[in-house]
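Note that the protein sequences, when read in sequence, are chains A and B.
If you read the first sequence in the working numbering, its first letter stands for residue 1, the second for the next number, and so on.
If you read the second sequence in the working numbering, its first letter stands for residue 1, the second for the next number, and so on.
It cannot be assumed that every hint is accurate.
Below 30 Å or equal to it, Euclidean Cα-Cα: the simulated DSSO-like pairs (lysine-lysine) are [said to hold, decoys possible]:
1) A:K42 to B:K9
2) B:K14 to A:K42
3) A:K99 to A:K69
So these bits of chain B aren't anywhere near chain A, every CB distance computed over 10 Å [unchecked claim]:
4) M19
5) T20
6) Q22
7) G63
8) S69
9) P75
10) P83
11) L114
Distance ranges between label pairs, derived from CB positions [to be verified]:
12) B:I54 to A:E15: 43 to 53 Å
13) B:S67 to A:E55: 35 to 45 Å
14) A:G95 to B:N28: 42 to 52 Å
15) A:F46 to B:N98: 31 to 41 Å
16) A:E17 to B:T20: 40 to 50 Å
17) B:S67 to A:K63: 36 to 46 Å
18) B:K9 to A:E1: 28 to 38 Å
19) B:Q17 to A:E55: 43 to 53 Å
20) A:Y97 to B:G63: 35 to 45 Å
21) B:M27 to A:S94: 19 to 29 Å
If you're looking for bench data, these hints aren't it; they were derived computationally from the structure.
Note that the coordinates shown come from a computational prediction; the quantities given were computed from them, not determined experimentally.
Where a beta carbon is used, it is the ideal one built from N, C-alpha and C, also for glycine.
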Amino acid sequence: EDQVTQSPEALRLQEGESSSLNCSYTVSGLRGLFWYRQDPGKGPEFLFTLYSAGEEKEKERLKATLTKKESFLHITAPKPEDSATYLCAVQVPSGGYQKVTFGTGTKLQVIP
Amino acid sequence: NAGVTQTPKFQVLKTGQSMTLQCAQDMNHEYMSWYRQDPGMGLRLIHYSVGAGITDQGEVPNGYNVSRSTTEDFPLRLLSAAPSQTSVYFCASKEGQNSNQPQHFGDGTRLSIL
Numbered sequence: 001e002d003q004v005t006q007s008p009e010a011l012r013l014q015e016g017e018s019s020s021l022n023c024s025y026t027v028s029g030l031r032g033l034f035w036y037r038q039d040p041g042k043g044p045e046f047l048f049t050l051y052s053a054g055e056e057k058e059k060e061r062l063k064a065t066l067t068k069k070e071s072f073l074h075i076t077a078p079k080p081e082d083s084a085t086y087l088c089a090v091q092v093p094s095g096g097y098q099k100v101t102f103g104t105g106t107k108l109q110v111i112p
Numbered sequence: 001n002a003g004v005t006q007t008p009k010f011q012v013l014k015t016g017q018s019m020t021l022q023c024a025q026d027m028n029h030e031y032m033s034w035y036r037q038d039p040g041m042g043l044r045l046i047h048y049s050v051g052a053g054i055t056d057q058g059e060v061p062n063g064y065n066v067s068r069s070t071t072e073d074f075p076l077r078l079l080s081a082a083p084s085q086t087s088v089y090f091c092a093s094k095e096g097q098n099s100n101q102p103q104h105f106g107d108g109t110r111l112s113i114l
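Can you make the complete structure from the sequences, with help from the hints?
Shown next as structure tokens:
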């Protein structure tokens, strides 16, 4: 069974204090790993797609990396506006369609 | 560019009532899906559609019906609401079933069943 585990569940950082969020997965035939940001009362907003081990993507203070077992979302010098829940999801082929399994998310709070 | 639009944003129902959650997208995406999001659990797939006239069940389909008469619209129907269906419901779309592109989500419908 496909599994996606995110850690930590919650993270509190001081403004400027860099850290990393983890997404570990156990799947067969990864077709893509997605990172989303979700603000309270909103739907998930797409950040990155990673397709193969060794791939990296960057956007402003965020950098996503991928290995064969996990992905990290590195946040460099975070600001309060980076506070949100970050979700990862994996896409694998399943019975003729692409199945997407989501993790439960990491809730990030950045304190001024 | 509106993207994925869901209505209503909030709804309170009594047990046994029925209702339809609306979802529309303006990106001409073939693939659309419905998820529910509950505390401590990841988004779970309810139903999905790979094109007009074609729908299929996801991980948690019981108690829900869908139809897809147009490319743009993908409504979700609760036949007889139960307290266990209290949740936040998200509609999403992407280009095609086998596309590796990410899904685009609406802002959700928050549903409470009393």
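Assertion that B:G63 lies farther than 10 Å from chain A (Cβ): 21 Å, holds
Distance restraint between A:K42 and B:K9, which requires alpha-carbon spacing of 30 Å or less: Roughly 10 Å separates the two Cα atoms, so the pair holds.
Range hint compliance [Cβ, A:Y97 to B:G63, 35 to 45 Å]: Given a distance of about 22 Å, which is not inside 35 to 45 Å, the answer is violated.
Outside-interface status for B:T20 - nearest CB in chain A farther than 10 Å: B:T20 is indeed farther than 10 Å from all Cβ atoms of chain A, at 19 Å.
Distance restraint hint 28 to 38 Å, applied to the beta-carbon atoms of B:K9 and A:E1: 34 Å, holds
Range hint compliance [Cβ, A:E17 to B:T20, 40 to 50 Å]: 46 Å, holds
Pairwise beta carbon distance, A:F46 to B:N98, judged against the given window 31 to 41 Å: Since A:F46 and B:N98 have Cβ atoms about 18 Å apart, the given range 31 to 41 Å is violated.
Beta-carbon spacing of A:G95 to B:N28 - inside the hinted bounds 42 to 52 Å or not: Once the Cβ atoms are compared, 26 Å apart, the range 42 to 52 Å for B:N28 and A:G95 is violated.
Least C-beta distance between B:P83 and chain A, which was stated to exceed 10 Å: Holds: least Cβ distance 22 Å, greater than 10 Å.
Hint check for A:E55 and B:Q17 - Cβ pair distance inside 43 to 53 Å: Given a distance of about 48 Å, which is inside 43 to 53 Å, the answer is holds.
Outside-interface status for B:Q22 - nearest CB in chain A farther than 10 Å: At about 15 Å from chain A, B:Q22 clears the 10 Å cut-off, so the statement holds.
Assertion that B:S69 lies farther than 10 Å from chain A (Cβ): With a cut-off of 10 Å, B:S69 remains clear of chain A, as the shortest Cβ separation is near 21 Å.
The earlier numbered hints that this structure contradicts are 14, 15, 20.
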